[in-house]
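Starting from the known structure of chain A, arrange chains B, C and D with the ligands on it as the hints suggest.
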Amino acid sequence: MLLWILQKITVVMAQAQSFMPTQGTEIAKSIDNLYAFLLVISLVSCVIVIGGMIYFAIKYKRKSENDVTAYITHDTRLEILWSVIPLILFLFVFAWGWVIYHDMRTMPKDALEIHVTGKQWAWAVEYKNGVRSTEVVVPVGRDVKIILTAEDVLHSFYVPSFRIKQDAVPGRYTAVWFRADKLGDFHLFCTEYCGTQHSGMITKLRVLSQEDFDQWLTTESEVSTLPMAQRGAKIFQTRACASCHNVDNPAVKVGPSMYKLFGAENHELLDGSKITADENYLRESILNSQAKIVKGFGPRSAMPAFQGQLSEVEVTALIEYIKGLK
Amino acid sequence: MINGVPVQEHYRDASHQFASAKEGIWLFMATEILMFGGLFVGYLIFHMKYPQMFAEGAQFLDWRLGFVNTLVLIFSSLTMALGIYFCQINQPKKAVWALAITILCGAVFMVIKYFEYTHKFHMGIYPGRMLDLEMLNQHLSSIGKPAIASTNLGMYFGFYFCMSGLHGIHVILGMLMISWCLYRCMRGDFNPNYYTAVEGVGIFWHIIDLVWIFLFPLLYLVG
Amino acid sequence: MSDNHNNHHEEHHIMPLATYYKVAGALFLLTFLTVGFHALREYMGPFSALIAFSIAAVKAFLVMAWFMHLKYDKLSNKIIFGSGFIFLALLFVICIMDIYTRLNVNSVL
Amino acid sequence: MAHAAHGSNYLNAQKGLWSWLTSLDHKRIGILYFISVMTFFLLGGIAALLLRGELFAYNVANSAGEMAGQLLPSADAYNQILTYHGAIMVFMVIIPGIPAILGNIFLPLQIGAKDVAFPKLNLASWYCLMAGATLAMFTMFSTKVDTGWTFYTPYSIKSGTAVTTMVIAAFITGMSSILTGLNFIVTVHKLRCPGMTMWRMPLFVWALYSTAIIQVLATPILAITLLLLAMERTFGVGIFDPKLGGDPVLFQHFFWFYSHPAVYIMILPAMGVISELITTFSKKTIFGYTAIAYSSLGIAAVSFFVWGHHMFVSGQSEFAGVVFSFLTMLVGVPTAIKMFNWVATMYKGSISFASPMLFALGFLFLFAIGGVTGIMLAVIPVDVHFHDTYFVVAHFHYVMVGGTLMAIMGGFYYWFPKMFGKMYSEFGARMSWIFIFIGFNVTFFPQFILGAMGMPRRYFNYIPAYEPLNRISTVGSWMIAVGFLIALYTIINGLINGAKAPKNPWGSKTLEWEADSPPSVHNFDHEPVVTAGPYEYK
Ligand code: HEA
Ligand code: HEA
Ligand code: CUA
Ligand SMILES: [Cu+2]
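Residue numbers (the working numbering), protein chains in the order written: chain A, 1 to 326; chain B, 327 to 549; chain C, 550 to 658; chain D, 659 to 1196.
The shape of chain A in the complex, shown without the other chains (with noise of 0.2 Å):
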């Protein structure tokens, strides 16, 4: 009996790290542990009622109509057992969860932080030397601790292979830390439900040894000396715009494409008038998209209004990159 269960737990214990997705942190493998416990003690409690449930079906079935039944209406002994041997169980799950959630929540002193915006669709991750990215990139086997927060709606950050999640919740800021064992792609999916585009906000999170994250760091910052078009076209990556807007073909995503936007004439708008989509429109639209609306959008626009979030340079960049989309 005792084997049996032992080899039931390490079963169990494999199934379920197999399912887990990879453990890309200390703390994924404490939780794993726990969860493998909690996994252990459901299966044992699980056999015990349903399995006693089925023996006794069996073994008690019915033979005929006037079957005799005992009478036992009840059993202190029993009812205190059943109810404290789950009780203490409860408790030590509880306390050994506790235990871990307070290293997770404990922010490390030194660690790298990078602020990542939830914004309706995207992540806005912004480095301290102010590299802006889609992505998060970190570097392996140090502290890092997200400060998140949301311009919109709720948003949440979750890495499954770090087993953390945190909501980015509008005017405040929330935490989280990680350290990164492994290298590599992992991936970063939003969990609070933020409208049309939730299941499209992932994004990647990217392990990089340190020299490597230390040369990431540097060509990204060196994005400003870029020709202007160029800049532009990162521009219109790491803001999200491509996530609503195509770039080489004509069709409509969230908004209207880019694609051979610029200098189009009769352009028509909701209102039913027409303009040239010049330089000016353009940058009426993006800092303040609800200004004018294309025909077929609205009443009111998706997009978000861009003014003080861009600065005067990256918006003329912007511009520049569009007028080339021909």
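Any given hint could be a false lead.
[What the hints assert, rightly or not] Each computed DSSO-like pair below joins lysine-lysine, with the alpha-carbon atoms no more than 30 Å apart:
#, chain 1, residue 1, chain 2, residue 2
1, D, Lys816, A, Lys204
2, A, Lys59, D, Lys1006
3, A, Lys253, D, Lys901
4, D, Lys901, A, Lys59
5, D, Lys901, A, Lys292
6, B, Lys419, C, Lys571
7, A, Lys253, A, Lys326
8, A, Lys63, D, Lys1161
9, D, Lys802, B, Lys446
10, D, Lys1196, A, Lys253
11, B, Lys446, C, Lys571
12, B, Lys375, A, Lys145
13, A, Lys295, D, Lys816
14, B, Lys439, B, Lys420
15, D, Lys1080, A, Lys61
16, C, Lys571, B, Lys420
17, A, Lys145, D, Lys901
18, D, Lys1080, A, Lys63
19, A, Lys295, D, Lys802
20, D, Lys901, B, Lys471
21, D, Lys1161, A, Lys61
22, B, Lys420, C, Lys620
23, D, Lys816, A, Lys292
24, B, Lys375, D, Lys816
25, A, Lys128, D, Lys901
26, C, Lys623, B, Lys439
27, B, Lys420, C, Lys623
28, C, Lys623, D, Lys778
29, C, Lys627, D, Lys802
30, D, Lys1006, A, Lys204
31, D, Lys802, A, Lys292
32, A, Lys61, D, Lys1158
33, A, Lys61, D, Lys802
34, D, Lys816, A, Lys63
35, D, Lys778, B, Lys375
36, D, Lys901, B, Lys446
37, A, Lys253, D, Lys816
38, A, Lys63, D, Lys778
If you're looking for bench data, these hints aren't it; they were derived computationally from the structure.
Remember, it's a predicted structure, so these values are computed and weren't measured experimentally.
Chains B, C and D with the ligands alone, transformed into the frame defined by chain A:
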């Protein structure tokens, strides 16, 4: 009919029916308390968070009007209780008078509320986002007071209008129900053994009073 | 039946008229008191709110006990009505507990 | 009462649609609820099939860069159907489900009463449900709603859809729930027949009583929360809107203050049904009557203290999280007590495998799994991984469908002869059980694994790695649908062609079986007098 009480079939006798009805009424009152209470909880939490803003908001409420309204409601509570009392001692005529005065008090309360509301609208004070801060500041400077410092004054008035609005709706509902009691009283439905409706509506009316007793210091006097 | 013995006396308790007037008088008085203290709020500082709400609580008690006849009502009805307040307090206490124990992002616990 | 002519019963005492729509008879109102709730269930179920159909495969962007679905035209359509599925199932199916249908009909019968305390309120509460449902359905034909059933702010404030209408609809169905609860509490307190002491009440009545307490004390907070949300949308009050200085986490506190107790509104009556079924079909007195009765009250009380376990990663404080995790552990204990007592009841019984019992056994099986996964979710670091993934979806379907819905079906087959005076085809009932039970596991067990793998919920589209398990799950949902189709057929066929039911086909001991099948308008010819507990199988 047993002793002038229309006892429904599933009840044993009149007092059985009365006790059941009474319990139902109290359960309903507990839900009323919880519902209003949710607003109070929100109010207290944000009052702790933005004491300054709440103080700024409260200055626009005229405590004298609130005070008068408190007196009106307390008086109406008294007349309501008397209405029940007169039913109990089988004096329906007096009960009708008491109920009528109660309705009148409710009406006075609502009229005062109406003036309070319109006065606020006049200054540009609306709930929440609709609050017109510019207009309000203009008004303030015209009477030589400093402009509003908080940016989310709308929240205070959101609470103000939600709480007093929900309360006002209850007052109107209460008045309608008292009118119904009054009509039945005039018709001679009630007697010392049977006045469940008046009793129930009475408790409802006192709940309204109860809520106002807390609303008055909360909204008008927190400055 | 559970409540077989509900005596008539309890069900249709009739209070003397004078009690109503006394209670109403007390309520009016307390209202004036509230306003009176409000006028003195400069001197009382933080206590003024406390006083205002204590007075309100007393008034509420008066209304509940006498106007709503709760004083003479069954225990079960008192419990029912009271539970409304208790669960409200629960909501309040736990929300406040959360809000005031939120740590700032730089906390190392 | 003599005026009930021979053969006259509550079904045929009066005729015509109007006599039904104005009936104050608790049994007729129960039937009204039955028809409407089952209709809503079909709607919600069809929505579920659409969701599962969409998730059958992941989508790839087409050449134009658009992301059209496999089945549904757009992500928006998916989100809307998801919202209707959740809102319909929760507010209109499973919360009114057992109390308003089975409870309405059998609570008075089981305590030997002629009716519920307030028949008019009872009818009013049905009209409230219908009004709320109509309003909710109405939004389907206007701008639809896409917030998910939880209406989290600020999304629900910003969403350009008919959230306000939907919220008011939920408010009205909430009133219906309050009225039912209020009615039941007074009925249990005041209308028990002579000899029926509290400790002789059937456990189903105890369960409904505990449920009613939650309904009365929790629903008002939902009401005010929804009203505030409506105000937020119309006036921008700012209480829940961070842009105006409000606190979206506070909304979640308010919402779950109701919605966690609400999950026990869903399960407690189901547990009551299971207590009835297990004793009847084991032909044996219940093991631990008092323990089960007290645990119902215990669950009702503790359920108010645990709501924050839905908010472990929401940005509530760590301290609050730990407190809630601790309290949540406590609520598992009374549930465990019930489970063990049921199994112990079967010991040395005479166990019949009639279809109601199959559903009861199915309940024990599925609810045990749903419950233990609930405990896993209550452990904070584990929940951090599982929160808002399919693990949670699997958990709550195991408890709501595997638990409550199984009990509804079981209870329905059990009481069908009493409700309609007819027998249904046992074969059909068993077939429906087989399909529902197996289909259910095929649908939702893979979702535990999907959750462990990290698939977030409310996802219109997913990464390729999740596809195989999603396929299995979708196929399972078709099996459930077949099961319910069979059940539907069995019920309708039983209504039309069923043999006449005897007074007490299962040999039960509770009071309702002493009334005729179907009962007369006044339930009992003579007021029953009770001298012993409810399950005296000696
Ligand atoms: C019928 C409804 C129902 C019921 C009864 C339960 C019961 C429980 N639920 Fe569940 N739950 C939901 C419906 C329900 N839940 C819903 C709808 C959601 C999601 C809402 C949403 O976000 O949309 C949810 C979500 C949910 C979460 C949040 C997950 C998340 O979003 O991150 C948590 C976390 O603690 C939780 C916990 C529990 C617990 C501890 C129980 C306990 O009561 C279970 C107790 C039962 C047992 C423990 C089993 C029987 C006992 C034994 C077999 C004995 C031995 C057992 C052991 C030793 C382990 N539930
Ligand atoms: C009582 C509650 C209840 C019930 C019974 C169900 C029943 C089902 N649910 Fe649901 N579900 C919820 C409550 C419930 N659900 C809630 C609260 C959510 C969360 C919503 C949110 O996130 O906001 C959810 C979410 C949810 C999701 C997650 C979606 C997502 O997060 O993206 C999924 C996916 O698989 C799902 C599937 C199913 C299925 C397959 C069934 C099946 O069991 C249904 C079986 C029933 C039928 C199939 C109907 C009977 C059919 C017929 C008789 C024949 C049909 C006829 C034709 C086809 C013409 N549900
Ligand atoms: Cu962002 Cu979901
Ligand atoms: Cu819960």
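Quick rundown of the hints versus the structure:
1. For the suggested pair lysine 816 of chain D and lysine 204 of chain A, the alpha carbons sit about 28 Å apart, so the restraint of at most 30 Å is met.
2. A C-alpha spacing of about 8 Å is found between lysine 59 of chain A and lysine 1006 of chain D, which places the hinted pair at or below 30 Å, so the restraint holds.
3. Between lysine 253 of chain A and lysine 901 of chain D, the direct Cα distance comes to roughly 28 Å. Compliance with the 30 Å bound is thereby established for this hinted pair.
4. As the CA atoms of lysine 901 of chain D and lysine 59 of chain A are separated by approximately 64 Å, the hinted pair breaks the 30 Å bound.
5. Distance check on the hinted pair: lysine 901 of chain D and lysine 292 of chain A sit about 24 Å apart at the alpha-carbon level, within 30 Å; holds.
6. For the proposed pair lysine 419 of chain B and lysine 571 of chain C, the alpha carbon gap of about 23 Å is at most 30 Å, so the pair holds.
7. Note on lysine 253 of chain A and lysine 326 of chain A: the hinted pairing holds, with a Cα-Cα distance of about 18 Å set against a maximum of 30 Å.
8. As the CA atoms of lysine 63 of chain A and lysine 1161 of chain D are separated by approximately 23 Å, the hinted pair is consistent with the 30 Å bound.
9. With a C-alpha separation of about 36 Å, the suggested pair lysine 802 of chain D and lysine 446 of chain B falls outside the 30 Å cut-off, and the hint is violated.
10. Taken as a hint, the lysine 1196 of chain D and lysine 253 of chain A pair is broken in the structure, with Cα atoms around 72 Å apart against an allowance of 30 Å.
11. Between lysine 446 of chain B and lysine 571 of chain C the CA atoms are separated by roughly 37 Å; this puts the pair beyond 30 Å, and the hint is violated.
12. As the CA atoms of lysine 375 of chain B and lysine 145 of chain A are separated by approximately 28 Å, the hinted pair is consistent with the 30 Å bound.
13. Between lysine 295 of chain A and lysine 816 of chain D the CA atoms are separated by roughly 22 Å; this keeps the pair inside 30 Å, and the hint holds.
14. Taken as a hint, the lysine 439 of chain B and lysine 420 of chain B pair is honoured in the structure, with Cα atoms around 29 Å apart against an allowance of 30 Å.
15. For the given pair, lysine 1080 of chain D sits about 26 Å from lysine 61 of chain A by alpha-carbon distance, which is consistent with the 30 Å threshold.
16. At roughly 20 Å between alpha-carbon atoms, lysine 571 of chain C and lysine 420 of chain B fall within 30 Å of each other, so this suggested pair holds.
17. For a cut-off of 30 Å, the pair hint linking lysine 145 of chain A to lysine 901 of chain D stands: about 25 Å separates their Cα positions.
18. Distance hint between lysine 1080 of chain D and lysine 63 of chain A is fulfilled; the C-alpha atoms sit about 26 Å from each other, no more than 30 Å.
19. For a cut-off of 30 Å, the pair hint linking lysine 295 of chain A to lysine 802 of chain D stands: about 22 Å separates their Cα positions.
20. Straight-line distance between C-alpha atoms of lysine 901 of chain D and lysine 471 of chain B comes to about 28 Å, which keeps the hinted pair within the 30 Å bound.
21. Between the alpha carbons of lysine 1161 of chain D and lysine 61 of chain A the distance comes to roughly 24 Å, so the proposed pair stays at or under 30 Å and holds.
22. Of the supplied pair hints, the one linking lysine 420 of chain B and lysine 620 of chain C holds, its CA atoms being roughly 25 Å apart against a limit of 30 Å.
23. A C-alpha spacing of about 20 Å is found between lysine 816 of chain D and lysine 292 of chain A, which places the hinted pair at or below 30 Å, so the restraint holds.
24. Distance check on the hinted pair: lysine 375 of chain B and lysine 816 of chain D sit about 24 Å apart at the alpha-carbon level, within 30 Å; holds.
25. Distance check on the hinted pair: lysine 128 of chain A and lysine 901 of chain D sit about 25 Å apart at the alpha-carbon level, within 30 Å; holds.
26. Only pairs whose Cα atoms come within 30 Å are accepted, and lysine 623 of chain C paired with lysine 439 of chain B is rejected, the gap being roughly 36 Å.
27. For the suggested pair lysine 420 of chain B and lysine 623 of chain C, the alpha carbons sit about 28 Å apart, so the restraint of at most 30 Å is met.
28. Taken as a hint, the lysine 623 of chain C and lysine 778 of chain D pair is honoured in the structure, with Cα atoms around 25 Å apart against an allowance of 30 Å.
29. Only pairs whose Cα atoms come within 30 Å are accepted, and lysine 627 of chain C paired with lysine 802 of chain D is rejected, the gap being roughly 44 Å.
30. Between lysine 1006 of chain D and lysine 204 of chain A, the direct Cα distance comes to roughly 59 Å. Violation of the 30 Å bound is thereby established for this hinted pair.
31. A C-alpha spacing of about 26 Å is found between lysine 802 of chain D and lysine 292 of chain A, which places the hinted pair at or below 30 Å, so the restraint holds.
32. For the given pair, lysine 61 of chain A sits about 27 Å from lysine 1158 of chain D by alpha-carbon distance, which is consistent with the 30 Å threshold.
33. Only pairs whose Cα atoms come within 30 Å are accepted, and lysine 61 of chain A paired with lysine 802 of chain D is rejected, the gap being roughly 52 Å.
34. For the suggested pair lysine 816 of chain D and lysine 63 of chain A, the alpha carbons sit about 64 Å apart, so the restraint of at most 30 Å is broken.
35. Note on lysine 778 of chain D and lysine 375 of chain B: the hinted pairing is violated, with a Cα-Cα distance of about 45 Å set against a maximum of 30 Å.
36. A threshold of 30 Å between alpha carbons decides the hint, and for lysine 901 of chain D with lysine 446 of chain B the separation of about 24 Å falls inside it, so the pair holds.
37. For a cut-off of 30 Å, the pair hint linking lysine 253 of chain A to lysine 816 of chain D stands: about 21 Å separates their Cα positions.
38. For the hint linking lysine 63 of chain A to lysine 778 of chain D, the alpha-carbon distance of about 47 Å lies beyond 30 Å, and the restraint is violated.
Violated hints, in rising order: 4, 9, 10, 11, 26, 29, 30, 33, 34, 35 and 38; the structure is consistent with all others.
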